[in-house]
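Protein chains: 2
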Amino acid sequence: MTYSILENYLKSKGDFTNNDVNYITNHFKLKKVKKKEIIIDFNQVSNAFYFVNKGALRIFTINKKGVELTRFFTFENSFCTALPSFIDQKPACEYFQAIEPSELLEITRNDFYKLVDQYSDFDKIYREILERSFINNQKRIYSFQGYAAIDKLKLLLETYPDFLIRVPNNLTASYLGISPSTLSRLKSKL
Amino acid sequence: MTYSILENYLKSKGDFTNNDVNYITNHFKLKKVKKKEIIIDFNQVSNAFYFVNKGALRIFTINKKGVELTRFFTFENSFCTALPSFIDQKPACEYFQAIEPSELLEITRNDFYKLVDQYSDFDKIYREILERSFINNQKRIYSFQGYAAIDKLKLLLETYPDFLIRVPNNLTASYLGISPSTLSRLKSKL
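Sequence lines, in order, name chains A and B. In my numbering, each residue's number is its place in the first sequence (first place is 1) plus 4. In my numbering, each residue's number is its place in the second sequence (first place is 1) plus 4.
Derived by calculation from the structure, the hints in this document are not laboratory data. Every clue listed holds true.
For identical chains, the list gives no copy identity; a pair is met inside one copy or between any two copies.
Under the rule of at most 25 Å between Cα atoms (straight-line distance), these lysine-lysine pairs were calculated in the DSS-like manner:
1. Lys-94 x Lys-17
2. Lys-128 x Lys-118
3. Lys-68 x Lys-191
4. Lys-191 x Lys-69
5. Lys-35 x Lys-58
Whole structure, please, built from the sequences with the hints as guidance.
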């Protein structure tokens, strides 16, 4: 069970033999985290990538006024880390936190980039993560610049249909940059 | 002259022989555009990547109220396109426009991805474009969620020190999501 979701993920994304899959998954180790547990702290440098076996997590920071700003949510069957810090090896200046009890598969940064160099199809997986993130970010930037709140919410539900079921209201509101009461009003209009 | 900036760019980023550099640059063709010229239109699918030899360009869309939203600016010595459309091959739903008379080197999408597959160092250039974009987008998303306007402006000038000299006030304001009058007030505080 530990590696089966990751194994299927790899096989669905690339042309890996069983030996390749075993070799790759052996670089990951299981990490179980509690609800609200912080996996990467504000001042920490991100030295690992995480594959989500089970659970839900978010990336957020806290602005000068003490308000939490949630940048990203992630769920089962996807990779996540504090990516700018992972790339640049500077302190994250953001938090990576579980919002449900979660099961992660952790791979070190060195091993991750080693696999990217070793397997062209693993390189393509990383490229796809970056490309997908870019597309999501583009939509998010336009939405902040001038989308009506209801359109921001619809955009979110297109990408993650069960978002409102799994993520608490206050975090969803923070993600969209609106107040929780505005969010409640919008939900009744969907 | 046509290829010299791109040649230096390639040599600074990767371990290319002179033959490699010639082979790669031969896939690009020169495209001169006028100020305000649209290179990729709203309904068009992006089928090319552009290296900026000279000039300044922006990517923007228009929201339901008819307001222009500028997502990105680009200047000499960098690659740019309507990237989500380039990746997904769906209509851009945004515009790629010159804001100065500009000189571009255009490569087709097929040739670009061919070079990514052929040269691991060209693959790394593409990866770096995606990684840098991700880091910029992360800062921009947080800035929209809860940075003071003056901090947004400072962040912009850290990344592009001569931004305010080259980009008109109304476009800079649109990029930051603030009014032109707020921008003028902030500039006096820098």
